[in-house]
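Going down the list, the protein sequences come from chains A and B.
Every letter in the first sequence is one number past the one before it in this note's numbering, and letter 439, counting from 1, is 442.
Every letter in the second sequence is one number past the one before it in this note's numbering, and letter 20, counting from 1, is 23.
For the record, the hints were derived by calculation from the structure and aren't laboratory data.
One or more hints might be untrue.
As the list claims (entries may be wrong) - One-sided excerpt, in silico: chain B residues whose CB lies under 8 Å from chain A:
# : residue
1 : 18
2 : 137
3 : 232
4 : 253
5 : 264
6 : 291
7 : 354
8 : 375
Positions of the beta carbon are idealized from the N, C-alpha and C atoms, including for glycine.
2 protein chains.
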Amino acid sequence: MAETQPNETTEKEIHALHLALDEGHLGAISRIINGIPGSEAAMFLESLPGDKRYQVWELIDESCRGEVLVSLHDEVRDSLIEHLDTDELVDATRDLDLDDMADIIVDLPEEVSNELMLSMDKTSRDMLHQVLSYPEDSAGGLMNPDVLRVRTDVNVDVVLRYLRFRENIPKPIGDLFAVGRKGHYKGRVPLETLLACDPKTPIRDIVDEDAPAIMDTTHASEVAQDFEHNDWISAPVINEKNQLIGRITIDDVVDVIREEAERSVMRMAGLDEEGDMFAPIISASKRRAVWLGVNLLTVLLAAFAIGFFEDTIKKVAALAVLMPIVASMGGIAGSQTLTLMIRGMATGQVGSGNIRNLLNREVMIGVINSFVWAIILSIVIVAWYKDVEMGIVIALALVVNLIAGALAGVLVPVFLRRLSIDPAIAGGVVLTTVTDIVGYVSFLGFGTWILLG
Amino acid sequence: MAETQPNETTEKEIHALHLALDEGHLGAISRIINGIPGSEAAMFLESLPGDKRYQVWELIDESCRGEVLVSLHDEVRDSLIEHLDTDELVDATRDLDLDDMADIIVDLPEEVSNELMLSMDKTSRDMLHQVLSYPEDSAGGLMNPDVLRVRTDVNVDVVLRYLRFRENIPKPIGDLFAVGRKGHYKGRVPLETLLACDPKTPIRDIVDEDAPAIMDTTHASEVAQDFEHNDWISAPVINEKNQLIGRITIDDVVDVIREEAERSVMRMAGLDEEGDMFAPIISASKRRAVWLGVNLLTVLLAAFAIGFFEDTIKKVAALAVLMPIVASMGGIAGSQTLTLMIRGMATGQVGSGNIRNLLNREVMIGVINSFVWAIILSIVIVAWYKDVEMGIVIALALVVNLIAGALAGVLVPVFLRRLSIDPAIAGGVVLTTVTDIVGYVSFLGFGTWILLG
């Protein structure tokens, strides 16, 4: 597929595609969709309901279909695959690069993957099996096993001639990697050095033997961080025998970063698996129902806590009117602390070395803000209800809950991580449960004590 | 700085640094911190409180300091800069690449930036001014004006000889860009083609004239999306006269993607500006106070709505115990819809072409889930309070609020965007205000009608 035209944004193209689709201009759709990159075409497909997806799919050139399939979110891809027959799928995926093939082949029906395997030469098949033997989110799962290897006993001009001989150099070429006997990784040959030095220079003289490689079992997030910190375009992947088994390139890493960013936002809303905006309504409802169920349990806990104060509420109904304020403020403040902690833990910046410092800091900030807002809020409440004691109640409860929020914001993620639970998923729920219960109990408790005691 | 050792994660290194710091092993700190990439050293600095930061800064080799400064979050960098004298800053930043220099020079004190400007040759100074004339988050602001230009009337071997002559090729080399008279952009010369073809081939034969360039005014997010969709390593930047003025490389884009991802999560908690975990407590409190104040206003609105039903609560205190359940469930469900919408709008997949479809879908999901949970919840409530009418009240209110959540989840971000407000920032607050008010009013309203009517 051709590259984008300058200044034509994804949104404009997708909008144009929607218009063409509404008006049934199949020719226009075909022209536009085969002129944009595969990943943009995939995004357009994802924005359509089921039947229209299949209609548009038929308009995509066969040569582009593989790239589109690879770029689709898992869920959308699965539903599209169910709709296509074996021949269509084989034709679409036959010419994919090995790392893309590895991504997609597990999602294909058995007849299709068998045919694809048969159509490959043995070397490719073996390399594919190697990638598939790794978890998807590991270096081994991300890598392309098809990697250019150079020997250290040749000169630069031999390498350059070899590249010309190959005719088809993988994009991006990235750095080259030197190997010894038995394919042992010997170091990185930076492309810029290769091009800048005298062609008679032996590779041995320009290879960087200290350049680190990525272990095949390394998790994808760590791979991404390594790329970012080192500004790599490509990096070698080695196994425990120190053999060079593949390479990862920056475009794969960018996908990882983007997916992780998206996933973290989705998780906070309990949407981890929802890759398809137009998945069948029943399955979407089922998935969201789980999250709603979890939250229902936590809010029932809070309601149960409020239940102890039912008598108090009967006597001073105003307490019921005002109690959401304290609970809500505690949740907001606590979420700020929690968000900072989660970010810090994800980047590795927050650890046993500075937790205590952070805790003290966050509690101090909680105290300051609680005093400020307690004063402001109590003035508002006294003006509203003409009741000074009520103002004191809300002030005290707010101070308690904002400090509780700070403490929970720091300690909940630490605690969850110790239980090997991802704090990015569960942290928010646990935190708001804490701030809700503490908020309601402290407000109603102080209310009982001060107004009725 | 050397590259990371294989398998030593950022966390381990930062942990080792913290240990060394606690034990006062300055030698160990110096050894580790000068052996890791600048961006990792920056992360370590960010994880330290103020005084320790300055202590560690002194241990960083002068040659590495520039990279560290560039990698720091704005806030941390500002506070560190205040602490350093002019000479230190000039020595640290003098040898930075032009695009990094452009990022940092606006944050430096005037004496420092003046000295840096004076120490540059005129060409560099002009190029720097050009970059600075653009907004930071635009293509012009991201680019490196120092870009390799080739003419189309020479052969490949001339270009290769020129690269060797230069000795110092910018990392990453990326593709080369062809220019005509007056520096007009003529097309992209893919590196892989340059290396694979016969050296006697004229550049004219291998240049891709259709390869698009990025307009200097393009927003950084769009630049990032273009890189991702096209799997670019580098891309040319042109001005409105179609002159090649610079290039952007993937490593800069990766930073943009990472920052955007981080910012979106931070914004949802009202932490947009908080780049420094250890900023002075007072300024951190002030910033968070603003968000707390906004939320206080919205929850006061909800309390005000509850206030209309104070009599009802006096008579049936149980309503106060149970009302947070309906409000909370509506907020959770609505947030799911909102999150999907925000993601879809950010990627350009959600637009006038499919909003109606999405709305119908989300409302259907809301209806299904509301019926399911209304039934389950009313059973729980009837078991708890032995009151069938209460069960009916909560069931009705839940259905109303979950549907309201779905509607708000779709319409609020659309509405905000029409007002040019970023739905990622304000969407959550507006949505939960809607679901809180609808939740409380419907529950208490139905309660008044059914239990007291």
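Next item on the list: Verify the interface restraint on residue 264 of chain B: the C-beta must sit less than 8 Å from at least one C-beta of chain A.
Entry: 3 Å, holds
Check: Per the CB criterion, is residue 354 of chain B less than 8 Å away from chain A?
Finding: 6 Å, holds
Next item on the list: Double-check residue 291 of chain B for me: the hint is only fine if its C-beta lies closer than 8 Å to a C-beta in chain A.
Entry: 6 Å, holds
Notebook entry, point to check: Does residue 375 of chain B pass the interface check with chain A, least Cβ-Cβ distance below 8 Å?
Noted result: 6 Å, holds
Notebook entry, point to check: Can we keep the residue 137 of chain B interface hint, with Cβ of chain A closer than 8 Å?
Noted result: 16 Å, violated
Next item on the list: Using Cβ atoms only, decide whether residue 18 of chain B comes closer than 8 Å to chain A, and label the hint accordingly.
Entry: 6 Å, holds
Item checked: Interface hint for residue 232 of chain B, Cβ within 8 Å of any Cβ on chain A -> 4 Å, holds
Notebook entry, point to check: For the hint on residue 253 of chain B, does the least C-beta distance to chain A fall short of 8 Å?
Noted result: 5 Å, holds
Against the hints set out earlier in the document, a violation occurs for number 2 only.
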